[in-house]
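Read top to bottom, the protein sequences are chains A and B. Using my numbering, the letters of the first sequence map in sequence onto residues 30 to 267. Using my numbering, the letters of the second sequence map in sequence onto residues 342 to 1079.
Bear in mind the hints are in silico, worked out from the structure with no lab data behind them. Backbone N, C-alpha and C define an ideal beta-carbon position, used for all residues, glycine too. All clues stand as given, with none of them false.
Derived DEER-like restraints, expressed as beta-carbon distance ranges: (1) S636/B x D118/A: 15 to 23 angstroms; (2) S67/A x Q626/B: 38 to 46 angstroms; (3) D118/A x T986/B: 17 to 25 angstroms; (4) Q626/B x T97/A: 24 to 32 angstroms; (5) R1071/B x E264/A: 48 to 56 angstroms; (6) W1038/B x P123/A: 54 to 62 angstroms; (7) I1052/B x S67/A: 45 to 53 angstroms; (8) R724/B x H101/A: 37 to 45 angstroms.
Some residues of chain A that are not near chain B, with every Cβ distance over 12 angstroms (derived): (9) R50; (10) L168; (11) R208.
Part of the chain B face toward chain A, derived, beta carbon under 10 angstroms: (12) R543; (13) L546; (14) L547; (15) R548; (16) T549; (17) R634; (18) S636; (19) P637; (20) V638.
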Amino acid sequence: MLEDVTKRYGRRRGAVAALDRVSLSFAAGSFTAVLGVSGSGKSTLLQCAAGLERPSAGTVRLCGTELTGLSHRRQAVLRRRRVGFVFQDLNLLPELTVAENIALPLRLDHRPAGRAEIELAAARVGLGGDQLRRRPAELSGGQQQRVAIARALITGPEVIFADEPTGALDPHTAVGVLRLLRGAADGTTVVIVTHDPQVTRFCDRAVFLHDGRVDRVLDDPEPAAVARLLHELGERGL
Amino acid sequence: MRSWMLAGIRRAPGPLIGTVVASAAAAALTVAALSVAVADTSVPAGRLAGASVVVAGDTNLVVTVGHGEDARQSLPLPAYPGVPAALAGQLARLPGVAAATGESGFPGGVVRPGEVDLIAVTAKPGVSPGALAGRVRAALHGGRGYTIATGPARGDVADLNAAVERSDGQILGAALIPPIVTISLFVLAATTGLAVNLRRRRFALLRTVGATRGQVRRAILAELAVCGVVGGALGWLPGVALGGLGVHALAAHQMLPAGSAAWRSPWLLLAACGVSVIVAVLSGQIAARRAGRTSPVQALRETNAEGKWPHPVRILLGLGAAGGAGTLMAFTFGQKNPAGQLALALPLLLASMVAVALLGPLLVALVAWLARPFRVVGGPSARLALAAIAAQPRRTASAVIPVALAVALVGSVYFADTSIAHAAAGQARSTVTADRVVSGSGLGPGALRQVQALPGVHAAAGVAPVTVAAADPDLEQVYGEALAGGPLNRVLDLGVTSGSLSALRPGQIAVSSMEAGAGTMGVHVGSRVTVYLPDGTPYRATVSAVYARSLASGDVLLPAAAVAGHTGAGPAFAQILVSGGTAGALTAGHPGWHVASRAAANAAAERAATQNGFANNLILGLVAALAAVALLNTLAVATLERRRTLRLLGRVGATRGQVAAAFGWHVLFVTVTGVAAGAAAGAVTLVAVARAATGTWVPFIPAAPAAGLVIAVAALAGAAVMIPFYAMSRREPALAPG
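Take the sequences, apply the hints, and build the full model.
Written as structure tokens, this is what we have:
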């Protein structure tokens, strides 16, 4: 939940407001897409909501916890226990195997990561067997994103933040990955930042950002309508 | 150890190889120095092999200097104090003694009548040497003032030089360890800093997945500890081999007893790993802390955006170090006392190197700004290289810093040596003002009297080198000369600053201004002072002169009469300096004498003075080896990390030649900036040393070695960048040759 969040980059007169007094809340278990053209502030929104970036003003509550006053250490612990992340790329540590990457949040939390647990998490995203022993570089892009989803899910998080999770994938693979995410994350709140209207097929809600402000919110969005709106926003920006 | 922490080092060790290599070098050098410091330097008993117990006068000088815990200091003596010959008869009557005989004629032996060098006692069958030694000690009222040796210790009594040489070589070995560790820390800090910095995104990703700052920091330190263990293991055997060579070389230069063997022990492996782990982990503290603080958002950004400018704290610390160096310099030059100035030289060098290392990024940005005209002259490749440098001054600085450190370290050590040798040669060239110099055999006091009696001779002086022990303020060996005859001021020009040196009578002593200063002996003309002659006899004297030109003659001048009989050799002079008379009259009837003109004698003295000390070369070699490892290491790792740039340039249509030229411009920039910064940092120290040791502001920097240093640094830098470049470009289809 974000209240009156402003994020400025730079200082004094040259400052750019990436987010301008944004207030948003994501209902538990909802699947929300945040859309906007490049530079609309959507990635900043995600970083602030997830506590990766401190807002210049306003408050952020994550899983009922006020983030602004939290120490770095407590933020880290909160992230690994209750939040999952999926990024466009650079999701995985290249020197760890698939299984080790999936188990990483548990290991960081000093929790045992049983073989069965890892295999179960992998199976939920359609990975298994020999693939678990491979290194990320030996997998296809779609498979890598599925590993990232498995890693995000293994702690049973309350929220998953995804930043352009399908940005580097072909449309067919992208749909497969999203379907997996939607299916596997049932009951978990998911926030996806994207500029791809097709993503909204799986979403309950679509939030449109423009110039750091919430421009519009659509419930049960249709990809065609979303594409039209995005096009309008793009024209407005020119 | 958790698997995620060390997976990087097991499966992607590339960036850490530099750290392993550098810590292996540190471990090898430490092991070598350690195996010299605790070398087995026992010498064979030789002539005394048949004796069960050997009794000599105390061969260690023990003096109480000042007050406190360290007040009692001891120093091995180069000459036998001697024992009464009659003691042999007394010892022979002890129960269990088969025979006790006084023996003389050892090197450094006594020449006084009624005394022998030592007494060899042989036991009756069935009496153990230990038991016999106990009886001898009891008979000598506890043995105070005597050295009573059995077993291997007899060797040290048979060859007094062994103890002196041992203390020289082992002190050198032990003294080398702290500078090795200090320089290794510098070297490794640059290498590990780079290795960590290059993987910032990896650590940032760990943070987004929920790793705390502490977990990231500990993961890095764990990696470094493993690097240290591997480096220590790799450095162990080369270190043992190097130590063996070192002991051999030191023994060849009379800095260890002949036949010494380096310490070889499994403990050295532990020492190697210990040192390299400590050095690696310490050197990574700052880098690990910084990586832990990296904002997780950086993992989300496409570009590897590290901060362009150094942290303000780094700049402040750098300015602090520069200020510290400035203050030290002002303080050094303000010091009247040369020894005090020399003592500040090393801190001065360290402070200026720290300043260069911390302010490196600012320096790179400044030089990049100054180098803008080259964008036009050098074409697209130079433009490309300068743009990369200006965009990432911190990354470029990590390549510049090891170059600067190499130049500063090697330059200041080597040119401090040349400056002192140059000044010594200058003094040697003009110290002797006598017309002729007689050398050869049979130059005793009688010969001096004969020369003085020759017609036309108006001044003649005998000169012999002598080593005394003095508290300056610690008990140490002081080199000087024993003089007889006169008037001395007509045969020698020593630059007397106070008092008079026309003659040196028993009860008098002359001291160099270097040794007379407040931080050393702390004396002036008229002071009473005690020095200890080679056999340990105290010589209490009044300072009659203080002189400035001590580099050729040594730091103390004693009357030969006071020294005679206490040096372990006959009263012979090395040279007799003569003014007046003729060469023919000098040689007549003395076939063993060799007469040289003043010019020839001074030229020979000058040659002797310019010969580099072996110890200096050893230190220089160590410093150069560490500096070269750092340079190669850091530059090669930094170059391998530019693969992405290389690939991109190939894809957008740059030819192999153009990319090579861009990398070449980069090396040129790094070398020029590094050499300039290193020369500045080294020059500060060098001027301080020159001022202290030679009294001039201008250090002596011969052109050929200076050019050699620059060329060697440039060649190493070029190799460290261009060899990885060609290896990488071979694997890029767009850039492959042909």
